[in-house]
Amino acid sequence: MDKLKIPREEVLRYLGYRNQDIDEELIRKIDKIRRESIVVFRPKNIFSLHKIEIQDKRYL
95 MDKLKIPREE VLRYLGYRNQ DIDEELIRKI DKIRRESIVV FRPKNIFSLH KIEIQDKRYL
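Okay, so the sequence shown: first residue is 95 according to this note's numbering, each after it adds one.
Warning: the hint list may mix true and false statements.
Using 20 Å as the maximum straight-line C-alpha spacing, the simulated SDA-like pairs for lysine to any residue come out as follows [claimed, not checked]:
| no. | residue 1 | residue 2 |
| --- | --- | --- |
| 1 | 126 | 111 |
| 2 | 126 | 103 |
| 3 | 123 | 134 |
| 4 | 99 | 131 |
| 5 | 126 | 105 |
| 6 | 123 | 106 |
| 7 | 123 | 109 |
| 8 | 99 | 137 |
| 9 | 99 | 140 |
| 10 | 126 | 98 |
| 11 | 123 | 133 |
| 12 | 99 | 141 |
| 13 | 126 | 109 |
| 14 | 99 | 124 |
| 15 | 99 | 133 |
It is worth saying that the hints were derived from the structure and are not from the lab.
Go ahead and model the full structure; you've got the sequences and the hints to work with.
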């Protein structure tokens, strides 16, 4: 399985940071939690994409 990726930018976005200076201590904490999370998290979902064709506009 591919290694779980948790982008720092996504963590900051989720926390509400937008174009702000980020304290080095916060960056260290985020990076530590990202590393720990990769070890702990176990993804459980599987999905696949399928192309569909609409044959009748009333039904999918």
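Quick rundown of the hints versus the structure:
Straight-line distance between C-alpha atoms of residue 126 and residue 111 comes to about 18 Å, which keeps the hinted pair within the 20 Å bound. Proximity of residue 126 to residue 103 is assessed by CA-CA distance (about 14 Å); at most 20 Å being required, the pair is judged to hold. Straight-line distance between C-alpha atoms of residue 123 and residue 134 comes to about 16 Å, which keeps the hinted pair within the 20 Å bound. The straight-line distance between the Cα atoms of residue 99 and residue 131 is roughly 10 Å, inside the 20 Å bound, and the hint therefore holds.
With a C-alpha separation of about 12 Å, the suggested pairing of residue 126 with residue 105 holds against the 20 Å cut-off. With a C-alpha separation of about 12 Å, the suggested pair residue 123 and residue 106 falls inside the 20 Å cut-off, and the hint holds. Taking the CA atoms of residue 123 and residue 109, the gap is about 13 Å. The hint holds against a cut of 20 Å. With a C-alpha separation of about 11 Å, the suggested pair residue 99 and residue 137 falls inside the 20 Å cut-off, and the hint holds.
About 16 Å separates the Cα atoms of residue 99 and residue 140, which keeps this hinted pair within 20 Å; it holds. For the hint pairing residue 126 with residue 98, the CA-to-CA distance comes to about 15 Å; that is within 20 Å, so the pair holds. With a CA separation close to 16 Å, the supplied pair residue 123 and residue 133 stays within the 20 Å bound. Annotation: proposed proximity of residue 99 to residue 141 holds, straight-line Cα distance about 17 Å (limit 20 Å).
With a C-alpha separation of about 16 Å, the suggested pair residue 126 and residue 109 falls inside the 20 Å cut-off, and the hint holds. Between residue 99 and residue 124 the CA atoms are separated by roughly 13 Å; this keeps the pair inside 20 Å, and the hint holds. Under the criterion of a C-alpha separation no larger than 20 Å, the hint pairing residue 99 with residue 133 is consistent with the structure, at around 11 Å.
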